[in-house]
Amino acid sequence: MLLEMFSYSFITRAVVVGSLVSLCASLLGVSLVLKRYSMIGDGLSHVSFGAMSVAAAMNVAPLALSVPVVLAAAFLLLRLSESSRIRGDAAIAVISSSALAVGVIVTSLTTGLNTDVCNFMFGSVLAMTKSDVLLSVVLSVIVIAVFVVFYNKIFAVTFDESFSRATGVRAGLYNTVIALLTAVTIVLGMRIMGALLISSLVIFPALSAMRVCRRFKTVVLLSAGLSLGCFLLGMAASYAFETPVGASVVVADLFVFALFSLIGGGKR
Amino acid sequence: MNLVEIRDLTIGYDGKPVVSGLNFDISAGDYLCVLGENGSGKSSLVKAILGLKSAYSGHIHFAPGFSRREIGYMPQKTEVQRDFPAGVFEVVLSGCQGAMGFKPFYGKAEKLRAASAMERLGIDGIRNECYRNLSGGQQQRVLLARALCSADKMILLDEPTTALDPLATAEFYRIIERLNRDDGVTVVMVSHDTAGALESSTKVLHLGGNESLFFGETAEYVKTRLGKKFLGGGD
Numbered sequence: 001m002l003l004e005m006f007s008y009s010f011i012t013r014a015v016v017v018g019s020l021v022s023l024c025a026s027l028l029g030v031s032l033v034l035k036r037y038s039m040i041g042d043g044l045s046h047v048s049f050g051a052m053s054v055a056a057a058m059n060v061a062p063l064a065l066s067v068p069v070v071l072a073a074a075f076l077l078l079r080l081s082e083s084s085r086i087r088g089d090a091a092i093a094v095i096s097s098s099a100l101a102v103g104v105i106v107t108s109l110t111t112g113l114n115t116d117v118c119n120f121m122f123g124s125v126l127a128m129t130k131s132d133v134l135l136s137v138v139l140s141v142i143v144i145a146v147f148v149v150f151y152n153k154i155f156a157v158t159f160d161e162s163f164s165r166a167t168g169v170r171a172g173l174y175n176t177v178i179a180l181l182t183a184v185t186i187v188l189g190m191r192i193m194g195a196l197l198i199s200s201l202v203i204f205p206a207l208s209a210m211r212v213c214r215r216f217k218t219v220v221l222l223s224a225g226l227s228l229g230c231f232l233l234g235m236a237a238s239y240a241f242e243t244p245v246g247a248s249v250v251v252a253d254l255f256v257f258a259l260f261s262l263i264g265g266g267k268r
Numbered sequence: 001m002n003l004v005e006i007r008d009l010t011i012g013y014d015g016k017p018v019v020s021g022l023n024f025d026i027s028a029g030d031y032l033c034v035l036g037e038n039g040s041g042k043s044s045l046v047k048a049i050l051g052l053k054s055a056y057s058g059h060i061h062f063a064p065g066f067s068r069r070e071i072g073y074m075p076q077k078t079e080v081q082r083d084f085p086a087g088v089f090e091v092v093l094s095g096c097q098g099a100m101g102f103k104p105f106y107g108k109a110e111k112l113r114a115a116s117a118m119e120r121l122g123i124d125g126i127r128n129e130c131y132r133n134l135s136g137g138q139q140q141r142v143l144l145a146r147a148l149c150s151a152d153k154m155i156l157l158d159e160p161t162t163a164l165d166p167l168a169t170a171e172f173y174r175i176i177e178r179l180n181r182d183d184g185v186t187v188v189m190v191s192h193d194t195a196g197a198l199e200s201s202t203k204v205l206h207l208g209g210n211e212s213l214f215f216g217e218t219a220e221y222v223k224t225r226l227g228k229k230f231l232g233g234g235d
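In order, the protein sequences belong to chains A and B.
For the first sequence, this note's numbering begins at 1 and goes up steadily by one.
For the second sequence, this note's numbering begins at 1 and goes up steadily by one.
Simulated from the structure, these hints should not be mistaken for lab results.
You may find that some hints are simply not true.
In silico DSBU-like links for lysine-lysine, alpha-carbon gap of 30 Å or less [stated by the list, open to error]:
no., chain 1, residue 1, chain 2, residue 2
1, A, Lys-217, B, Lys-108
2, A, Lys-217, B, Lys-111
3, B, Lys-111, A, Lys-35
4, A, Lys-217, B, Lys-103
5, A, Lys-35, B, Lys-228
6, A, Lys-35, B, Lys-229
7, A, Lys-35, B, Lys-223
8, A, Lys-130, B, Lys-111
Based on the provided sequences and hints, a complete structural model is requested.
This is the structure in structure tokens:
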């Protein structure tokens, strides 16, 4: 069955991009979950939805427009949550629902709420064109490389931001790096996973890994492995039972999380 | 020699000054204890010295050849750290980050530095443990080891004994005293625990009512009315 699955080139493309995005999301997810920024993925995916709707209406390549827009939104969200006037969670809610609203209005005024919109919301295995794949591969390799190079800094800043700042680590810079990498990952993954489901790719693997691992390094590695495994499992299940890819991957993640919670609970 | 000189410093938060006209020095070898009620500006002072927060007015001078980067900081525990999956060695090593610039990975020098800091504090045996599973006293020693990795001339401790039981608190003070007396580390400690903190400190800075109420030798402080009141006036 697996061989048959890969005989469809659109599935091969989705598997390549999805695997890479899963890896990126899970690496960044560990830091985001620990910093209490879990919802940043959700917020950014809604912004991405808005940007893609506008791109579709304007007949522009969706990735070309939404990557810069979401990068800007990530930057803005970070600044907002650092200033104490609006709390981080409120800032995310405000930006994400506004972007969603703009996206819905633009589509309903132009093309109408058609299958495109549905695909943006819940993801589609058909989403990736050849040029999308190339761009996605390049960007995800950059995300993974930057994460590996900055790994120790990211650990230090995530564990204790004020200590890091006091010793001269440029914590603001690394926070920005994390936010920008997250933005790129969300935009890339959203096409397959859907705007409503992509944030689970960021949160679940990190949460599952934290149930059983006790060190940052092992949490990061296990989370990457789980994320990749769950994506492939969800993909296969989606092919076998003809269910939507995004939802299948999330359910696979949920099962793994439940399983690891049981294991972790037993260990304590 | 004065490592840090504070002149006419005004600090505060949310635009409101909490302490103004603050003047004091931190000399090499001092064990300075900063006392005061909640909201008297202790934490703001710490942040101003470290450069995490800018002062409203006044100056903080560092001795030639000394900079704020050479202060080992031990901040208060954060909510994030409570369930953070981190190994003890990972945490201590991260104290070396400040001196590493953009260098991505730890080398032999950093690992040796971290190992020797842990040995000094008697925690080399728990190197592979998980930070969140340690007792409060052990966690504080890990954070102190991390501070020593970043700097060993001067350490700045912000309420280090909060939430420690009396035994662990006493043990922690002994460690600080040893660092100060035997290794010549200059210590600045912000504390709530007046009696315990005064036992081994050599100088006191007492903040309150928008100014410095006392700055001087600990021996003199305990004789003042303020000192007696703070040490438990009833006795």
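Each hint tested on the structure:
1. Between A/Lys-217 and B/Lys-108 the alpha-carbon distance is near 19 Å, which keeps this suggested pair within the 30 Å criterion.
2. Proximity of A/Lys-217 to B/Lys-111 is assessed by CA-CA distance (about 16 Å); at most 30 Å being required, the pair is judged to hold.
3. As the CA atoms of B/Lys-111 and A/Lys-35 are separated by approximately 26 Å, the hinted pair is consistent with the 30 Å bound.
4. Between A/Lys-217 and B/Lys-103, the direct Cα distance comes to roughly 18 Å. Compliance with the 30 Å bound is thereby established for this hinted pair.
5. Restraint check: the Cα-Cα separation between A/Lys-35 and B/Lys-228 comes to about 43 Å, which exceeds 30 Å; the hinted pair is violated.
6. Taking the CA atoms of A/Lys-35 and B/Lys-229, the gap is near 42 Å; set against the 30 Å cutoff, the hint is violated.
7. The hinted pair formed by A/Lys-35 and B/Lys-223 fails the criterion: a straight-line CA distance of about 46 Å is larger than 30 Å.
8. Distance restraint check for A/Lys-130 and B/Lys-111: the Cα-Cα separation of roughly 46 Å exceeds the 30 Å cut-off, and the hinted pair is therefore not satisfied.
Hints 5, 6, 7 and 8 from the list above are not met by this structure, while the remaining hints are.
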